[in-house]
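Protein sequence lines correspond, in order, to chains C and W. The numbering of the first sequence is numbering that gives the first Met the number 0, which starts it at 0 and goes up by one. The numbering of the second sequence is numbering that gives the first Met the number 0, which starts it at 0 and goes up by one.
Incorrect hints may appear among the rest.
[As the list claims (entries may be wrong)] With a straight-line Cα cutoff of 25 Å, these simulated BS3-like cross-link-like pairs (lysine-lysine) come out: (1) W:Lys-59 <-> C:Lys-141; (2) C:Lys-122 <-> C:Lys-12; (3) W:Lys-11 <-> C:Lys-130.
[Stated by the list, open to error] Residues from chain C that face chain W, not an exhaustive set, calculated with beta carbons under 8 Å: (4) Gly-32; (5) Ala-133; (6) Ala-143; (7) Gln-148; (8) Pro-150.
Simulated from the structure, these hints should not be mistaken for lab results. Model, not experiment: these values are computed from the prediction. For glycine and all other residues, C-beta sits at the position ideal for the given N, C-alpha and C.
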Amino acid sequence: MKDIQRISPVVFKSTPSKVEKRDNWDVVMEYSGEGDGPYLVDLSHRPRFDLQSSKLAAIKPFGLKLPEIPGNCIFKKGILANRMNGIQVSVLNLDGQKDSSMPDEAEYTDVTDSTICVALIGKNIFSICEKLTALDFMDLQKKAPFLFQGPFSHVPCQIVTLSKDSDNSGLILTCSRGYGRDMINSILHAGEEFGLRPAGESRFTNWIKA
Amino acid sequence: MALTITCPICGKRNGYEFRFGGEEKGPRPDEKDMTPEAWCDYVHMNKCVAGIQEEWWFHKDGCGSWFKIHRDTTTNLEKEAQEAKK
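Next comes chain C alone, as it looks inside the complex (with noise of 0.2 Å):
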């Protein structure tokens, strides 16, 4: 029998370096000519969850405690758990290493292949963000990481601040995947003047571990 294969919504024009095969997705880990920063890191074949109960209190996907809050994240031993309201969460799987699978109960949907998940780090990243949406992510009453479900690009996603460092933040971006391509041109669009260019995952895993 064959092997499936995925294919990521995000596509860069940049050539990639080194390519790895992962999971029947194939991982750019470097580009050619990546430059200084920020850098727009495509993290569409991480695996992402959405978790919905009416007793998420008593849930713990991954053995950590989801946060109670509306808005509010957890992100511990590379996986990411977003609030979203009473009764879901989105949980993110950031650490490539780990074991992929999704949780057996019923309360999970793997909804990997049906969105595109884009990171965003280095300086000047809200700059960028702040010309394609309203969405204020320095908020001061706002403590890293925490979540925003709103327009980015006209596009309703889920934008998740890691980092308000100034030159070493860094925001993960979800939405459906049939925006990919324009959603990666428009943020590719905004960013050129910051010079803004498409990185390989190394280049997130490195940020993360830092």
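Mind docking chain W on chain C? Use the hints.
Chain W only, in chain C's frame:
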């Protein structure tokens, strides 16, 4: 006129992120002995208040919540529940 709406989860946001869900009409009427005319009135007849009314909104571009707010239809401004009761 710019409209902002306060979502109970996401906070104050641009009105374009939301979908209007109609006037608050109280609980669904009891189906026992209900006439088609009474049901039609409940579904379709609105008060269309020129002033403060309670209404439903849906945060379609955000968290997906349905919630109620008080809005002054003459100024398009949101009102606090206490202020609306005056």
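Going through the hints against the structure:
1. The suggested pairing of W:Lys-59 with C:Lys-141 holds, with an alpha-carbon distance near 23 Å, which does not exceed 25 Å.
2. A hinted pair counts as satisfied when its Cα atoms are at most 25 Å apart, and C:Lys-122 with C:Lys-12 qualifies at roughly 22 Å.
3. Distance hint between W:Lys-11 and C:Lys-130 is fulfilled; the C-alpha atoms sit about 20 Å from each other, no more than 25 Å.
4. Interface restraint check for C:Gly-32: the shortest CB-CB distance to chain W comes to about 36 Å, outside 8 Å, so the restraint is violated.
5. Annotation: interface hint on C:Ala-133 holds; nearest CB of chain W at approximately 6 Å, less than 8 Å.
6. The criterion of a C-beta within 8 Å of any C-beta in chain W is not met by C:Ala-143, whose closest approach is roughly 17 Å, and the hint is violated.
7. Because the smallest distance between the Cβ of C:Gln-148 and any Cβ of chain W comes to about 4 Å, under 8 Å, the interface hint for this residue holds.
8. The restraint placing C:Pro-150 at the interface with chain W holds, with a minimum CB-CB distance near 5 Å, inside the 8 Å limit.
Checked against the numbered hints listed earlier, the structure breaks hints 4, 6; every other hint is satisfied.
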